[in-house]
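Asker: Chain L is already provided as a structure; the job is to place chain E on it using the hints.
Protein chains: 2
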Amino acid sequence: MEEFRVALFDNGEGPASQEPIPPNPSDGELRSCVEQNQLRLMDRRDIDMVLFSPKASAMAHHVSDPKAAEAWAKACNDLVARVCDLYPSRFAGVCQLPQTPGGGLEGCIAELRRCVEQLGFVGTNLNPDPSGGHWTSPPLTDPYWFDLYEVLEELDVPAMVHVSDSLNPAFHALGAHYINADTTVFMQLLQGDLFSRFPRLRIVIPHGGGAVPYQWGRYQGLSVRLGRQPIEDRLLGNVFFDTCVYTKAAMALLFEVVGASNLLFGSEMLGALRGVNPETGEDWDHTLCYVDSLSLDPTERDAVYGENVRKVYPRLGRRLEALGK
Amino acid sequence: MEEFRVALFDNGEGPASQEPIPPNPSDGELRSCVEQNQLRLMDRRDIDMVLFSPKASAMAHHVSDPKAAEAWAKACNDLVARVCDLYPSRFAGVCQLPQTPGGGLEGCIAELRRCVEQLGFVGTNLNPDPSGGHWTSPPLTDPYWFDLYEVLEELDVPAMVHVSDSLNPAFHALGAHYINADTTVFMQLLQGDLFSRFPRLRIVIPHGGGAVPYQWGRYQGLSVRLGRQPIEDRLLGNVFFDTCVYTKAAMALLFEVVGASNLLFGSEMLGALRGVNPETGEDWDHTLCYVDSLSLDPTERDAVYGENVRKVYPRLGRRLEALGK
Chain L
1 MEEFRVALFD NGEGPASQEP IPPNPSDGEL RSCVEQNQLR LMDRRDIDMV
51 LFSPKASAMA HHVSDPKAAE AWAKACNDLV ARVCDLYPSR FAGVCQLPQT
101 PGGGLEGCIA ELRRCVEQLG FVGTNLNPDP SGGHWTSPPL TDPYWFDLYE
151 VLEELDVPAM VHVSDSLNPA FHALGAHYIN ADTTVFMQLL QGDLFSRFPR
201 LRIVIPHGGG AVPYQWGRYQ GLSVRLGRQP IEDRLLGNVF FDTCVYTKAA
251 MALLFEVVGA SNLLFGSEML GALRGVNPET GEDWDHTLCY VDSLSLDPTE
301 RDAVYGENVR KVYPRLGRRL EALGK
Chain E
1001 MEEFRVALFD NGEGPASQEP IPPNPSDGEL RSCVEQNQLR LMDRRDIDMV
1051 LFSPKASAMA HHVSDPKAAE AWAKACNDLV ARVCDLYPSR FAGVCQLPQT
1101 PGGGLEGCIA ELRRCVEQLG FVGTNLNPDP SGGHWTSPPL TDPYWFDLYE
1151 VLEELDVPAM VHVSDSLNPA FHALGAHYIN ADTTVFMQLL QGDLFSRFPR
1201 LRIVIPHGGG AVPYQWGRYQ GLSVRLGRQP IEDRLLGNVF FDTCVYTKAA
1251 MALLFEVVGA SNLLFGSEML GALRGVNPET GEDWDHTLCY VDSLSLDPTE
1301 RDAVYGENVR KVYPRLGRRL EALGK
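In the order they appear, the protein sequences are chains L and E.
Position 250 of the first sequence, counting from 1, maps to 250 under this note's numbering, and the rest follow consecutively.
Position 316 of the second sequence, counting from 1, maps to 1316 under this note's numbering, and the rest follow consecutively.
Watch out, some of these pointers could steer you wrong.
What the hints assert, rightly or not - Coverage of chain L stretches by chain E, computed from C-beta distances (three or more under 8 Å per stretch; other residues unrestricted):
| hint | stretch |
| --- | --- |
| 1 | 84-97 |
| 2 | 110-123 |
| 3 | 151-160 |
| 4 | 165-171 |
| 5 | 174-182 |
| 6 | 202-213 |
| 7 | 246-258 |
Said to hold, decoys possible - Partial pick of chain L residues on the chain E-facing surface, computed with a CB cut under 8 Å:
| hint | residue |
| --- | --- |
| 8 | F4 |
| 9 | M187 |
| 10 | R225 |
Bear in mind the hints are in silico, worked out from the structure with no lab data behind them.
Yeah, the Cβ is synthetic: ideal placement off N, Cα and C, and Gly gets one too.
Isolated chain L, as found in the complex:
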């Protein structure tokens, strides 16, 4: 896939002249790959099911060629769909959209419809900064994005906001750009008024919300200063956070400040951190340990480990129900 991407984008610097062909691994190759990686860790960590999406850092939204973007998103989503079809009780698809910096959203809407209606995907990623660290797109509250939100509401699928690689040397992708994007989008939502226009739109913010839960008092105070209603009333019906933070202290803060009803269990698998935390002897991204170490009551546990995600991703909920889960 990496070779295909390079060919497609001519090493990331523009569209290629010939039309490259995506790889077509056999079912056996796919099984072997996933079983040695995601499924191995899922089994070890008691994770029944994963929302499976293309690799976020490789979405390549910074290349302004809609045809290449569409070919790349399609190839990635198709591969995700094949894995989901091989293991329908372990993986549910979340798609990558063929975004480009400042480009129209028609191609994104078409790919979203294809993934949800034909491939059975249950959600999408949405990149608030397709430029890759230059932040040239309008805020997510701008009418630029509204056509997409209409379709998200119609299909009843949420969007996880997630940027891709950083082309800006100021921003390390995993250590700054990702976290900044989470923080930035939350503040866009606080500042704007998106959910009175799109009351059924649901946004998931990854990496435990970036800086947001830690800076919660700042957002509460800014909310007052901007003359807005409290965050809890205005945003928490539509905005959800995952639990991808990597200390017990951070997980405790996340639950204390945001509360279990807006948290979806998440574990970057495989994501930014690889290997074992020498202090704990556990994998860095084995976030279940941190959640389990909190004294959650059974309702909170059920919410974070399963009930919330069924509500935020209702198409997943229906699939789980059909599977008798």
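Answerer: Quick look at chain E alone, frame taken from chain L:
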């Protein structure tokens, strides 16, 4: 000052044609202003002394006219110096540098020298993104900045990294740009190797470190992934955080994760948040409450409330000693 700034920068869009003159308030006007604002709150909150700098959001570094930038920085720093001279036991100066996007640093170095050597300032602000949200400058670890660091080491003054207003509609200044900058710079320092070249350089990161303490596990894991020594060994001799976070949970996390020896008591006065938190009945930015609510031992309290800042800002330490404090 606001009128002067507008005249100087022609409403922020370019240099003005005529040369505007900075206001020259009387000592009485300055006293009256500060006594009704900063000093009133300092007395109410048992704060002996404040590191006083020009308003960060008004630094106007995005205007590419070095002459205007120098005039503006000089006027702001001179006014700060007058307040410090009126109340030498309550205020110590921290300067604004006349940065411009991509401009040379000679003017900044000259103004830094003037402020420290002639006006008695004890530190400086340093803007990692003079463009105002477009992030066009190289990382703080780039040789672009080295001449300035040499002078910071020579003068033995620390730099607080702080951006100014955001001109990018994606970033709310107080709710995203400030916090993103804190996070971004920490990751630049983690990724680079600045302190082996400048071992006596000290960097202060405001707003409780942006996302950093909350995302500490991510930084520990990325440090391993990048083949770096642990953060504690590599960075915490040179990097310090203030305590400007606005929930007890965040303050507890900050002390637990970073530890008292790298924290400088800070209270944005007057900063992003104004007025009273209806839940606590205290001012939003009365951060002393949050620190006092933790069970710190006397050594930790002394460190955060006074000892650390004497070490990080040794010119302040010497002044306090001369004042018998």
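Asker: Confirm or reject each hint.
Answerer: Do the hints match the structure? See the list:
1. 84-97: Violated, because only 0 residues of the stretch 84-97 of chain L bring their Cβ atoms closer than 8 Å to Cβ atoms of chain E.
2. 110-123: That given contact is violated, which follows from only 0 residues of the stretch 110-123 of chain L lying within Cβ reach (below 8 Å) of chain E.
3. 151-160: Answer violated; 0 residues pass the 8 Å Cβ test.
4. 165-171: holds (count 4)
5. 174-182: holds (count 5)
6. 202-213: The restraint on the stretch 202-213 of chain L holds, since 5 of its residues have a Cβ under 8 Å from chain E and three suffice.
7. 246-258: holds (count 8)
8. F4: Result: violated, 25 Å to nearest chain E Cβ.
9. M187: Hint on M187(L): holds, closest Cβ of chain E at ~4 Å, below 8 Å.
10. R225: Constraint on R225(L) satisfied, holds at 6 Å.
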